[in-house]
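Student: Take a look at the letters that make up each chain.
There are 2 protein chains.
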Amino acid sequence: MKATAIAHPNIALVKYWGKRNIEYNLPAAGSVSLTLGGLETRTTVSFDGGIDADVVELNDNLVDQGPKYDRVAHFLDLVRNRAGIREHARVVSHNDFPTGAGLASSASGFAALAVAATHAAGLDLSDSELSALARRGSGSAARSIFGGFAEMRAGTREDGQDAYAEPICGADHWDLRCVIAVTAHGEKDISSTEGMTRTHQTSPYYDQWVDSVSLDVEWARAAIEQRDFDELARIAEASCLRMHASAMAAEPGIIYWNGTTVDLIHRVRKARKEGLPVFFTIDAGPQVKVFCPAESQTDCELLLRDTDGVRDVLVTHPGEGARLIEETD
Amino acid sequence: MKATAIAHPNIALVKYWGKRNIEYNLPAAGSVSLTLGGLETRTTVSFDGGIDADVVELNDNLVDQGPKYDRVAHFLDLVRNRAGIREHARVVSHNDFPTGAGLASSASGFAALAVAATHAAGLDLSDSELSALARRGSGSAARSIFGGFAEMRAGTREDGQDAYAEPICGADHWDLRCVIAVTAHGEKDISSTEGMTRTHQTSPYYDQWVDSVSLDVEWARAAIEQRDFDELARIAEASCLRMHASAMAAEPGIIYWNGTTVDLIHRVRKARKEGLPVFFTIDAGPQVKVFCPAESQTDCELLLRDTDGVRDVLVTHPGEGARLIEETD
Numbered sequence: 001m002k003a004t005a006i007a008h009p010n011i012a013l014v015k016y017w018g019k020r021n022i023e024y025n026l027p028a029a030g031s032v033s034l035t036l037g038g039l040e041t042r043t044t045v046s047f048d049g050g051i052d053a054d055v056v057e058l059n060d061n062l063v064d065q066g067p068k069y070d071r072v073a074h075f076l077d078l079v080r081n082r083a084g085i086r087e088h089a090r091v092v093s094h095n096d097f098p099t100g101a102g103l104a105s106s107a108s109g110f111a112a113l114a115v116a117a118t119h120a121a122g123l124d125l126s127d128s129e130l131s132a133l134a135r136r137g138s139g140s141a142a143r144s145i146f147g148g149f150a151e152m153r154a155g156t157r158e159d160g161q162d163a164y165a166e167p168i169c170g171a172d173h174w175d176l177r178c179v180i181a182v183t184a185h186g187e188k189d190i191s192s193t194e195g196m197t198r199t200h201q202t203s204p205y206y207d208q209w210v211d212s213v214s215l216d217v218e219w220a221r222a223a224i225e226q227r228d229f230d231e232l233a234r235i236a237e238a239s240c241l242r243m244h245a246s247a248m249a250a251e252p253g254i255i256y257w258n259g260t261t262v263d264l265i266h267r268v269r270k271a272r273k274e275g276l277p278v279f280f281t282i283d284a285g286p287q288v289k290v291f292c293p294a295e296s297q298t299d300c301e302l303l304l305r306d307t308d309g310v311r312d313v314l315v316t317h318p319g320e321g322a323r324l325i326e327e328t329d
Numbered sequence: 001m002k003a004t005a006i007a008h009p010n011i012a013l014v015k016y017w018g019k020r021n022i023e024y025n026l027p028a029a030g031s032v033s034l035t036l037g038g039l040e041t042r043t044t045v046s047f048d049g050g051i052d053a054d055v056v057e058l059n060d061n062l063v064d065q066g067p068k069y070d071r072v073a074h075f076l077d078l079v080r081n082r083a084g085i086r087e088h089a090r091v092v093s094h095n096d097f098p099t100g101a102g103l104a105s106s107a108s109g110f111a112a113l114a115v116a117a118t119h120a121a122g123l124d125l126s127d128s129e130l131s132a133l134a135r136r137g138s139g140s141a142a143r144s145i146f147g148g149f150a151e152m153r154a155g156t157r158e159d160g161q162d163a164y165a166e167p168i169c170g171a172d173h174w175d176l177r178c179v180i181a182v183t184a185h186g187e188k189d190i191s192s193t194e195g196m197t198r199t200h201q202t203s204p205y206y207d208q209w210v211d212s213v214s215l216d217v218e219w220a221r222a223a224i225e226q227r228d229f230d231e232l233a234r235i236a237e238a239s240c241l242r243m244h245a246s247a248m249a250a251e252p253g254i255i256y257w258n259g260t261t262v263d264l265i266h267r268v269r270k271a272r273k274e275g276l277p278v279f280f281t282i283d284a285g286p287q288v289k290v291f292c293p294a295e296s297q298t299d300c301e302l303l304l305r306d307t308d309g310v311r312d313v314l315v316t317h318p319g320e321g322a323r324l325i326e327e328t329d
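These protein sequences, in sequence, are chains S and Z. Residues in the first sequence are numbered consecutively from 1, following the UniProt record's numbering. Residues in the second sequence are numbered consecutively from 1, following the UniProt record's numbering.
The set of hints was computed from the structure by calculation and includes no laboratory data. Misleading hints may appear alongside valid ones.
To be verified - Here are the computed lysine-lysine pairs in the BS3-like style, where the Cα-Cα straight-line distance is at most 30 Å: (1) K2/S with K68/S; (2) K19/S with K188/S; (3) K68/S with K273/Z; (4) K188/S with K2/Z; (5) K270/S with K273/Z; (6) K273/S with K188/Z; (7) K19/S with K68/S; (8) K188/Z with K19/S; (9) K188/Z with K270/Z; (10) K68/S with K270/Z; (11) K19/Z with K188/Z; (12) K188/S with K68/Z; (13) K273/S with K270/Z.
To be verified - FRET-style restraints, in silico, Cβ to Cβ: (14) L78/S with T156/Z: 55 to 63 Å; (15) R227/S with D230/Z: 46 to 54 Å; (16) D70/Z with D211/S: 35 to 43 Å; (17) G275/Z with T328/S: 43 to 51 Å; (18) S214/Z with A83/S: 53 to 61 Å; (19) D312/S with H94/Z: 46 to 54 Å.
In this text, a Cβ means the ideal position worked out from N, Cα and C, and glycines have one as well.
Kindly produce the complete structure, drawing on both the sequences and the hints.
Tutor: Laid out in structure tokens, this is it:
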């Protein structure tokens, strides 16, 4: 009844922004992502009849109450219900990268938790089932079940059983690098869930945002299959800017960017005009993720390190899906 | 046949972004502005039978060809046609503030030109007629015909005769200050007209942007009449962010901001939370305009001067409409 899993965060190339159902955490539209090797969450779950509440330790800190604890305990309830068990669990999770800072730690966190907890509970789920389950913890975690490039399906069922990710191509299909410029430390002011809700409720652009996604998903899938960098650059930057624009039009307007974020957008666009194959994407936070082919990684790193306000640069590459690394009775 | 006029730029509190007709330069929606005393264009026009082409001098530089020359000559044609004269004109115009840098120099420029040229041509137009005429040179110039707070009417006629500005309240109604943080010198990469066209043609948010404006215009008018600072702050920031968001969602996305622009947005919002009555607005450029009551002007100036990347700070106040200051035969 003990299992350890590893998962990586992923970065959406066609953005996920908006839910069609809060209870089941169902996305309003699809999305497309790359799972990022080089950053990792490692999570151990053990069910134990001898404890009377779940015990959660994140990055060496005991989390014994509050929204983070509730989120994990609620997720464990889903696993217990499915496995027909009642024991509480010990969860020990480590990220080797900054947590809650717009680096998708909830994606890798809930993907690793889904794999570890289901195995520890004795369940044997398919990847699609694991993906749908991980989605209940964090929408983007559904994609981190798979390595390489993945597509999230919004689904149509009310219970969300058809809302899970599917692989497009494995990690070895296309050796892109995703170079991350960290422009601020610390957790963001407005969580993704809160930002999505406010955008849905108050942005006049929300419906058009959701409508625009399905074409982007089709185009991105084709560009990835054909390894068409320029086309993927076009789609990804447009999707990123439209997502942020939909949030900026909410009331009050949501701005996840800081000054360095915007300086980096301009620098990346300028460098591309000058011939360097790079494009940016930005999640609900101020960090800028820059994609390039493997052979341009050094130039891309230099570009980011050379920008005032960049505090750290992390290099990632296509990574594997969430996986079990140890299991004991 | 010689006349000199003064006009001030204006800053839109409910933004103008999008045209319903290019030839007549008709706005797709209304807008609300404050005319800014403290920055000024002074323009002299003299019609002269002895010259065989219009002569245009802007800020001590002769402009004898190119889009700027054409724009002025085309405007003079409108005046000549209306007055039934054929003489060419000498135009000498000075701005006492940076030109083409997102400080609305085309608004004050064409408002001053409209007043000076029509008087020099012997025309006697009403303010509404002057406003509709100024609009042909620059959409925002229609508002600078009036002092204080003005509302632009989008109109419905195809010939644009009902698309002109009207005063809401005079300059003495409410002693607000508009403190301008200059964050970049030089002319912007994408002109307002080009940005509007691309937004109209490619942004999925354009229609919703246009639809959202009419309520904002009504609300802003009421907030100004009641001198309700908090309400005007809410409307103006939302209108600004929605305008920029509509452009950002175009393809390729249009970003008029630089890093300092975004840093200033965050600083203004933070200062307001901490009790300083301030709000921002930003036109199609990187400069940030911050409104405050007269008694907070010094604190507002300090806030802007204290931000890295701010190159200059200009203080403006409610100004008068465009006016003739000299006329000779």
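Student: Assess, step by step, whether the Cα of K19/S is no farther than 30 Å from the Cα of K68/S, and give holds or violated.
Tutor: 20 Å, holds
Student: Going straight from one Cα to the other, do K19/S and K188/S come out at no more than 30 Å?
Tutor: Holds, at about 20 Å.
Student: Given a hint of 35 to 43 Å, does the C-beta separation of D70/Z and D211/S actually sit inside it?
Tutor: Roughly 40 Å apart at Cβ, these two residues keep to the hinted range, so it holds.
Student: Are G275/Z and T328/S spaced within 43 to 51 Å by their CB atoms?
Tutor: 58 Å, violated
Student: When you check the alpha-carbon spacing of K19/Z and K188/Z, does it fall within 30 Å?
Tutor: 20 Å, holds
Student: Would the hint linking K188/S and K2/Z be met if the CA-CA limit is 30 Å?
Tutor: 61 Å, violated
Student: Range first: 53 to 61 Å. Now tell me if the beta carbons of S214/Z and A83/S are that far apart.
Tutor: 56 Å, holds
Student: For the pair we were handed, K273/S and K188/Z, check the Cα-Cα distance against 30 Å.
Tutor: 17 Å, holds
Student: Quick check on a hinted range of 55 to 63 Å for L78/S and T156/Z, using CB atoms only.
Tutor: 57 Å, holds
Student: Assess, step by step, whether the Cα of K68/S is no farther than 30 Å from the Cα of K273/Z, and give holds or violated.
Tutor: 27 Å, holds
Student: Would you check the hint for K2/S and K68/S, treating anything up to 30 Å between C-alpha atoms as holding?
Tutor: 22 Å, holds
Student: Is the gap between the beta carbons of D312/S and H94/Z within 46 to 54 Å?
Tutor: Taking Cβ atoms as reference, D312/S and H94/Z lie about 49 Å apart, which means the hint holds.
Checked against the numbered hints above, the structure breaks hints 4, 5, 8, 12, 13 and 17 and satisfies the rest.
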